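Assemble the dimeric complex from its two separately framed chains, guided by the hints.
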Amino acid sequence: MKMSLFKKTIVLVSIASILIFAGDYVVIVNPGNGLSSIDKGELKRIFTGKSKEIDGKKAVPVNMNYDTPTAAEFLPEVIGKDVGKYKKFWIDQMIKGKGTAPMIKANVAGVKAIVSQIPGAVGYIPVADVDATVKKIDVN
Amino acid sequence: MKMLWKAGIVGALILGVTTTWAQEQKFKVYGFADLQISKMMWESKNNPLLDLTTYNEDVNIGIEHLNLYFDFAPNDKTRAFAEFGFSQNVKGSVIAEPGATPAIIKMPDGSLMTAASAPFYVAAVAQQAAAAGQPLSAQDQAILQGTYEALLAQSEGAATTEQKNEFEIERVWFDIFVNPLFNVRIGKFITPAGLWNVDHGSPVIIPVTQPYQTSVIPVFPEKQTGLMAYGGTYVGDHEVSYNAWATSGREESGTSDVPYLENNIENVGHLSYGGHVALNTDGILDQLKWGVSGHYGLTRKEVKTKHFELEAADVLTMSTAVNTANYFYDQEEIEQRREMIIGTDLSIEHMNVLVKGEFNYRTDENEITGKSTDYTGYYGLLGYNIYPTDQIMITPFAMYESLTWNDLENTPNMAIIYVPFGGFKTMRLGAKIGLFYNTFLKFEYTMTDIVPRDLTLSQGGQTIVRNYEDKDMDVSSWSAQFSIAF
Numbered sequence: 001m002k003m004s005l006f007k008k009t010i011v012l013v014s015i016a017s018i019l020i021f022a023g024d025y026v027v028i029v030n031p032g033n034g035l036s037s038i039d040k041g042e043l044k045r046i047f048t049g050k051s052k053e054i055d056g057k058k059a060v061p062v063n064m065n066y067d068t069p070t071a072a073e074f075l076p077e078v079i080g081k082d083v084g085k086y087k088k089f090w091i092d093q094m095i096k097g098k099g100t101a102p103m104i105k106a107n108v109a110g111v112k113a114i115v116s117q118i119p120g121a122v123g124y125i126p127v128a129d130v131d132a133t134v135k136k137i138d139v140n
Numbered sequence: 141m142k143m144l145w146k147a148g149i150v151g152a153l154i155l156g157v158t159t160t161w162a163q164e165q166k167f168k169v170y171g172f173a174d175l176q177i178s179k180m181m182w183e184s185k186n187n188p189l190l191d192l193t194t195y196n197e198d199v200n201i202g203i204e205h206l207n208l209y210f211d212f213a214p215n216d217k218t219r220a221f222a223e224f225g226f227s228q229n230v231k232g233s234v235i236a237e238p239g240a241t242p243a244i245i246k247m248p249d250g251s252l253m254t255a256a257s258a259p260f261y262v263a264a265v266a267q268q269a270a271a272a273g274q275p276l277s278a279q280d281q282a283i284l285q286g287t288y289e290a291l292l293a294q295s296e297g298a299a300t301t302e303q304k305n306e307f308e309i310e311r312v313w314f315d316i317f318v319n320p321l322f323n324v325r326i327g328k329f330i331t332p333a334g335l336w337n338v339d340h341g342s343p344v345i346i347p348v349t350q351p352y353q354t355s356v357i358p359v360f361p362e363k364q365t366g367l368m369a370y371g372g373t374y375v376g377d378h379e380v381s382y383n384a385w386a387t388s389g390r391e392e393s394g395t396s397d398v399p400y401l402e403n404n405i406e407n408v409g410h411l412s413y414g415g416h417v418a419l420n421t422d423g424i425l426d427q428l429k430w431g432v433s434g435h436y437g438l439t440r441k442e443v444k445t446k447h448f449e450l451e452a453a454d455v456l457t458m459s460t461a462v463n464t465a466n467y468f469y470d471q472e473e474i475e476q477r478r479e480m481i482i483g484t485d486l487s488i489e490h491m492n493v494l495v496k497g498e499f500n501y502r503t504d505e506n507e508i509t510g511k512s513t514d515y516t517g518y519y520g521l522l523g524y525n526i527y528p529t530d531q532i533m534i535t536p537f538a539m540y541e542s543l544t545w546n547d548l549e550n551t552p553n554m555a556i557i558y559v560p561f562g563g564f565k566t567m568r569l570g571a572k573i574g575l576f577y578n579t580f581l582k583f584e585y586t587m588t589d590i591v592p593r594d595l596t597l598s599q600g601g602q603t604i605v606r607n608y609e610d611k612d613m614d615v616s617s618w619s620a621q622f623s624i625a626f
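Top to bottom, those sequences are chains A and B.
Take the first sequence: its letter number 124 is residue 124 in my numbering, and every next letter is one higher.
For my numbering, add 140 to where a residue sits in the second sequence, where the first one is 1.
Just chain B, same shape as in the assembly (with noise of 0.2 Å):
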C-alpha cells in the first residue's frame, strides 16, 4: 500500500513536472509597453513640415505602445505568433490634427472672415479697387478668393477631450520548421531587412524612437503579408542566415475616402520579393553583424467599377425592364509603382562601445508615367554601455540620420499627394538608461533640419514660388520615455 503511494506520488510529480513545462513552453503571453513625454519646438511657422502636420509646441503624453505577443508552440514543427499593438493619447495631451480647427482671418476692420463669407470679402475688395480706379480683373479676383481659401483651409492643432485610441495588427504568422537551414512563415510579419525593423520595440531599440528611414517614411516595406523562407548555418562560430520572401508587397496606410483595390495578386508579376543575407560573427569582436537587404516590388491601386451596357431598343424605347445582366467590372490602374531597394546593415559591439548603421537606396517608377523618384537614406549611432551596477545599464548615445528624396511627385501616392520638402537631417543626443533588465528610461533631444526644395504651387491658375530662410527648415524637440517588457 506505502507502494502504491509512493509511486502516485512520484507520478504526480512527473505529471506535474511534464505538465508543467508542456503548458510552460506551448503557450505563452509577453509584451512591452511604453509611455512617452514629448515637446516639439519650431524655429518658424513657416517650416514647410507644418503642410502636413499642426503648429503645436505643447507637451504630448500618450501611451505610444501597448504591445501584446501571443505565442504558441504546439509541437516542435510548428509555432504560432500574434503581435497586437494598441497606443491612447492621455487626457489634456494636444492631439495634432489637421483639420480639426479651421483657421480664422482677422480683417483691419476687426470682422473675422470664414470660408462662406470669403466670397464677399472678395467682392468688397473689388469694388474698392474699383472705386479708386485700379479694378480688378475676373482673374485677379479668383486669385484673391484661393488665397483667402487657402489661408482658411490651414488648420491648427486642438487640445482634446477625448482619448484617440489606435490598435494595429503588427504581425501574425505560423512557422513550420523543416531544419536549421530551411524553414517557413506564412502570414503577417515584419520585413527583416536592416536592424532595426525587426527590433521594433522600444525595450530594443536605443534612442526613443527607431530611426524615420524605418519608421515614419519606411525606405524597405515596414510589414508585409505573405510567404518567408528563412534559416542560418554555422561557419566555424560564425552564423550565416538568411531570409527571402514573396509577398503581397508594402502594406501602406492611406487617406483617401475613395475605395479602392491595394496589392491585388492578379498574377504571379504582381508579387513582390525580397531578401536579408545577415553575417553574425563571434570571437572577431564581442559582437559584428553585417547583413545585406534587397527588394523589388510592387504598389498598385485600383478601382473597379461595374458597367452596365444597355441594349438600344431598350434606350429608344425608354424601357425600364433592362437586362440587368449586361454588365462587367473595369478596372482602372490609378496608381503602379515599381520599387527596387538595397540596403546594408552593420552592428557593432566591443568592450562596451556601440556602432550601429545602416545605409538604404530605393527607386521608385511610376509604371503609368514612366517617371521615377528616388530616396536615399542613412544613419549611423554611437553609443556607450556603462555598468554603475549589476542591475543598471546606462548607454548615452549620439545619432545622425539623413534621408532625402527627389521628384516625389513623380509618384504621387494617394496618401501624401503634397510633400513640400525634399527629405531631413536629424541628430539625435540622449541616453538610455536600463533598470532591472526589462524596464528602461530614455531621454532624447533632436534636431532636425528639413531639406529645402524649389517649389512652386497653383493657386487660382498662378504659380507662386515659396520661400524659405535657413531658420525655416529647423525644428528641435525633446523626449523622454518609460518602458517595461513583461
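Here chain A stands alone, though its shape is the one from the complex (with noise of 0.2 Å):
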C-alpha cells in the first residue's frame, strides 16, 4: 500500500529526530532501575543537582570524562551547556554551598562500573559500548 506524501513526511521527520537527538550516545541506568524512559528535563535536572531521585531511589549522575566525544555531545544536547559552562556552571554551585559536581569516569568500563552498582545511578556512554550490566534507557 502506497503511503502518502504527508505520512512518508511524517516518519522521516520522526526517525530523523530521533537520530538527531539520539547521537552516538546512549543514557544507562542500574539494570533493576524500573523506568524504560526519561523527560530529558529530568535528566537534565538530575545532572544539574536539582532533582535528587530517580525511579524512587538517590540519583547518582556519572559524567565521561569532560575531553570525550561522548560528553561533547551529551553536555550541550542535554543540560543545554558546552563542557566549559557546565564546568563553571558547578564551579559556580560550589562556592554557593549547593553541592558539588557530579563524578566524573575516565572511561567507559569506569561509568558502566558505577551504573551496574549503585541503584540510583545514571551516566550516558556510546552506543556501541552498551552490555547487558547496564541498562539503556530512551530520552523524551
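In case anyone wonders, no lab produced these hints; they're calculated from the structure.
These figures come from a predicted structure and were not determined experimentally.
Heads up, some of the hints might be wrong.
As the list claims (entries may be wrong) - Derived CB-CB ranges, DEER-like:
(1) E391(B) / T133(A): 49 to 59 Å
(2) P536(B) / T133(A): 47 to 57 Å
(3) N140(A) / H490(B): 25 to 35 Å
(4) P76(A) / G376(B): 15 to 25 Å
(5) H410(B) / P31(A): 47 to 57 Å
(6) E73(A) / F210(B): 34 to 44 Å
Note that CB positions come from ideal geometry on N, CA and C, so glycine has one too.
Structure, rendered in C-alpha cells:
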C-alpha cells in the first residue's frame, strides 16, 4: 500500500528526530531501575543537582571524562551547556554551597562499573558500548 | 581455586568502586582563595568618608579570602556544611587603622601640640588675647580647647610590619532533606535574599567585590542563625523555589567596649522572620531568574546589671555581714530596632549578554524613641561574555549602584554612632577573565560620589556646620584580583 506523501514526511521527520537527538551516546541506568525512558528536563535536573531522585532511589549522576566526544555531545544536547559552561556552572554551585559536581569517570568501563552497582546511578556512554551490565533508557 | 580468586578480585573491585564512591560522596573539602591589590584616590581630604576611615593612597595588597568549605553528607537525608573564612594583609601594606597614629598640630613657632599640652597652648592663647585687649571668655577657651582636641583625635593609617589576620565562621548549618518541596536547615546561614548575598565567593561574582548594599552596608541581614525551610517545584521546565526563615536576627559586629547582650531571644516576639521566592525559567531566554525577598526583624542590645538590695539594718549598723542572696538582675534596653525590608532581584542571561540588578528598601524603627531611618538601595550590572577559546571567558562589565539613607541618627548603632554623609553612588567599570573554569582575574575602576548631608556638630557647646564642595564628595579606586576555586 503506498504511503501518502504526508505520512512519508511524518515518518522521515520522526526518524530524523530520533537520530538527531540520539547521536552516538545512550543514557544508561542500573539494571534494577524500573524506568524505560526519562524526560529530558528531568535528566537535565539530575545532572545539574536540582533533582535528587530517580525511580524512587537517590540519583547518582555519572559523567564521562569531559575530554571525550561523548561528553561533548551529551552536555549541550541535554544540559544545554557545553563542557566549559557546565564546569563553570558547577564551580558556581560549589561556591554557593549548593553541592559539588557529579563524579566523572575516565572511560566507559568506569561509568559502567558505577552504573551497574549503584541502584540510582545514571550515566551516558557510546551506543556501541552498551552491554548486559547496564540498562539503556530512552530520553523523551 | 581460580574461580575463588576471580570472585575475590571482582569483589575487591566492587568494594573499591562502592567504597571510593561512598568516600567520594560523603565528605568533601573545597573552597576558594583570592588575592587583591587596590589603591584609592581621594579628590579631597575633606571627604566626609574620612571621618570613618583613614586617608590612604598607598597600594594595598591582601589575601582577602581563603575560604574553606567542609561538606559532609552521611546519607540521603542529611548534610552538614561549614564555611570558614581567613584573610590576611601582606607585609608592607598600609593598614587603615583609625587611631593608630594620632595627628600632630604644629604651632607657628615650630613647637608640636599634643593632647597633654593642648590646655597650656589654650592658656597661652588666652594670655595673648587678654594682653591685646580682647580677652577670651571661659566658653571661648573651652571651644578652642575642644577644637584642638578634635584635630588631635584625627588619626592617619600607619604602615604595618605586623600581619593582620582575620578569621570568620561564614556559615555552619545542618540540612534535613524531606522532599523537594520541604527541607529544613538549622544553624548559621547566609540570608538567601537577592542575588549576590549567597553568591558571595569571588569566583562567582563578576566585580571584584559584591555590591556595597550586600557587603559593606547590607540592607538585608548578611548572615543569620536560626531555622530555615526551603524547597521548590517545577511548572513545566520552570522552577519556583522558596526560602523561609525564623532567626535571632541580623548579626552585626559592634565595636563598643561595653559588654552587652545582643539579639537574645526571650520570647517569640524577639524572633526575626523572612523569606525569598524565586522563579527560574528555562526556555524563554538562556536564563531568566526573578526573585522577591522580605524580612521583618528585630535588633536588640541590652546591658544586664546585678543589683544588690541591702537591708536597712545592715546599712545603719554598717554591717559587713551583708545578705548577698538579696540580688536581682536588671536588664536595660540600650538599643532596639525593628527592621522591615523588601527587595526584588532579576538576573538575565541571553546570547552572552548579562543583566543583573536588585532593588532593596529597608525601614528601621527605633522602638525606644519611636523615630525611624529609611534605606533605599539599587544596582544594575550589564556585562557581555566573550569566549576567545574554550578555556577562556572574558566578561567586560559596567555596574551602577546607589545606596542612600535618611536620619541615621534616629537609629543609633553602637558600632557607628555618627555617619557624616547620606549615602553614596558608585560606578564600576571592569572585566572578569575566567581561565580554565576555576581561575579568575579581575580588573576594576570605581568612581564613588558621596551623598552629602547638612551637618551640625557640637563641639564645646557650640554648633558647627561643615561645608563641602563637590570635589570633596568624590573618591575613586582601582583594584585587581586573582581568585581560584579548588
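How the hints compare with the structure:
1. E391(B) / T133(A): 49 to 59 Å: holds, 52 Å
2. P536(B) / T133(A): 47 to 57 Å: holds, 49 Å
3. N140(A) / H490(B): 25 to 35 Å: holds, 26 Å
4. P76(A) / G376(B): 15 to 25 Å: holds, 21 Å
5. H410(B) / P31(A): 47 to 57 Å: Cβ of H410(B) to Cβ of P31(A): about 56 Å, so the range 47 to 57 Å holds.
6. E73(A) / F210(B): 34 to 44 Å: holds, 36 Å
Every hint from the earlier list agrees with this structure, and none is contradicted.
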